[in-house]
Amino acid sequence: MGGKSRKGGGVSRVLIDRLLKGSNPSSKKTCGGPSKKSTGNKNKEVQKLFDM
Amino acid sequence: MLETKSIIDYLNHAKKWGIVPNFWLTEEYLTAPPSSELQTRTDGKRIWIEEEELLIFPPLPISEQDVKMTGFPPKKIWSDFENYSVGEVEKFLDWEYQYDSDEFSSMKGGKWESFRKNSRKWPFKSRDRGWEYTRKAPSKKEITRLLITWLDSRPAEETIQDDGSMLWFLFHGKNRGFLYSKNELIGINVWDSNEPYLMYRYCMTKPEEPFLNEFMRVLFYRHHPGVIVIDGGCLDNPGLERFKDKLNPIKKRAVYSRFTN
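If you're matching them up, the sequences are chains A and B in order. Heads up: the first sequence begins at 1 in the working numbering, then just goes up one per residue. Heads up: the second sequence begins at 53 in the working numbering, then just goes up one per residue.
Quick caveat, the hints were computed from the structure, so don't treat them as lab data. Beta carbons are placed, not taken as given, at the ideal position from N, Cα and C, and that holds for glycine. Do not take every clue at face value.
[Stated by the list, open to error] Some residues of chain B that are not near chain A, with every Cβ distance over 10 Å (derived): (1) Q91; (2) R253; (3) H276.
[Unchecked claim] Straight-line C-alpha distance at most 27 Å; calculated BS3-like pairs for lysine-lysine: (4) B:K303 with B:K67; (5) B:K169 with B:K304; (6) B:K173 with A:K7; (7) A:K21 with B:K193; (8) B:K120 with B:K163; (9) B:K226 with B:K258; (10) B:K258 with A:K21; (11) B:K163 with A:K7; (12) A:K7 with B:K128; (13) B:K234 with B:K258; (14) B:K143 with B:K303; (15) A:K21 with B:K234; (16) B:K97 with B:K128; (17) B:K234 with B:K177; (18) B:K177 with B:K188; (19) B:K163 with A:K21; (20) B:K67 with B:K226; (21) B:K226 with B:K296; (22) B:K234 with B:K188; (23) A:K7 with B:K177; (24) B:K169 with B:K67; (25) B:K226 with B:K192; (26) B:K143 with B:K120; (27) B:K97 with B:K68; (28) A:K21 with B:K226; (29) B:K163 with B:K177; (30) A:K7 with B:K127; (31) B:K188 with B:K160; (32) B:K177 with B:K97; (33) B:K298 with B:K128; (34) B:K163 with B:K67; (35) B:K296 with A:K7; (36) B:K188 with A:K21; (37) B:K173 with B:K298; (38) B:K128 with B:K68; (39) A:K7 with B:K226; (40) B:K173 with B:K188.
Let's have the full structure, built from the sequences with the hints guiding it.
What follows is the structure in structure tokens.
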């Protein structure tokens, strides 16, 4: 789907999946609270798209 | 002395020179995040779009006197055009497909046999449950649900190319078609355009529905009669390449990254 990334390959589908699940209020969470693992800028990018 | 211009200036020059657009040369793609961060510049003789040291497309001359690219600094060009390139080939980037939308209306002849048969399986199987294809956008929650289902069906090691654009177009694209069955969102088509071409950006379907993807593609093409559609690449995926080859492209072009000199 779509086209290639300009910078160094793609992003792990697992990462996007996890971020989307975190952003989706209806999705099931296996534990309470935010993930301790930092997803850095990618998290902000995805969140920004949801907020628009 | 470099001057900052807008993406629209580059698009206007491309139009003026009769450039056949590649998959990325559209106003919506280049002005939506994350490509909206790109910079368009001119030195008075050429105009180009850049991202740090990378030129996104070949620099275009401003006027006929500037057609020779002499004196342009060495830069990498991410993607060339079908009918215009400068410099030397650096590497193969991807395939780019062109399809005639009208062929999907008739799908006549032996070369269409396999796809014709497959594209009819889902609507036949679903004839009792019904479906609706519409531009009416669902909630973000519904799109997210379909996207997560799709992502979960992919191999864990798979990477998503140009993920920022994918998310933008799925959630905010100006041109989207949605397939519902029993009030459930089960497919999304996304496209944009650089007239007279249409760019078919995304076709995302619920993975548990066999042959729905084929049907979704037919819906897209039949809703856009009489146009040449530029489809995305194969993303180094041989299975995707085989699939797109079977859709009887009118052109399959090798896209290259290049160096200006």
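To see whether the hints hold, each was checked on the structure:
no., hint, verdict
1, Q91, "holds, 13 Å"
2, R253, "violated, 6 Å"
3, H276, "holds, 18 Å"
4, B:K303 with B:K67, "holds, 21 Å"
5, B:K169 with B:K304, "holds, 23 Å"
6, B:K173 with A:K7, "violated, 39 Å"
7, A:K21 with B:K193, "holds, 10 Å"
8, B:K120 with B:K163, "violated, 44 Å"
9, B:K226 with B:K258, "holds, 22 Å"
10, B:K258 with A:K21, "holds, 17 Å"
11, B:K163 with A:K7, "violated, 37 Å"
12, A:K7 with B:K128, "holds, 13 Å"
13, B:K234 with B:K258, "holds, 14 Å"
14, B:K143 with B:K303, "holds, 20 Å"
15, A:K21 with B:K234, "holds, 24 Å"
16, B:K97 with B:K128, "holds, 19 Å"
17, B:K234 with B:K177, "holds, 14 Å"
18, B:K177 with B:K188, "holds, 24 Å"
19, B:K163 with A:K21, "violated, 42 Å"
20, B:K67 with B:K226, "holds, 22 Å"
21, B:K226 with B:K296, "holds, 25 Å"
22, B:K234 with B:K188, "holds, 15 Å"
23, A:K7 with B:K177, "violated, 42 Å"
24, B:K169 with B:K67, "violated, 39 Å"
25, B:K226 with B:K192, "holds, 14 Å"
26, B:K143 with B:K120, "holds, 23 Å"
27, B:K97 with B:K68, "holds, 15 Å"
28, A:K21 with B:K226, "holds, 24 Å"
29, B:K163 with B:K177, "holds, 24 Å"
30, A:K7 with B:K127, "holds, 15 Å"
31, B:K188 with B:K160, "violated, 32 Å"
32, B:K177 with B:K97, "violated, 59 Å"
33, B:K298 with B:K128, "violated, 33 Å"
34, B:K163 with B:K67, "violated, 35 Å"
35, B:K296 with A:K7, "holds, 25 Å"
36, B:K188 with A:K21, "holds, 24 Å"
37, B:K173 with B:K298, "holds, 17 Å"
38, B:K128 with B:K68, "holds, 24 Å"
39, A:K7 with B:K226, "holds, 25 Å"
40, B:K173 with B:K188, "holds, 25 Å"
In summary, the numbered hints that this structure violates are 2, 6, 8, 11, 19, 23, 24, 31, 32, 33, 34.
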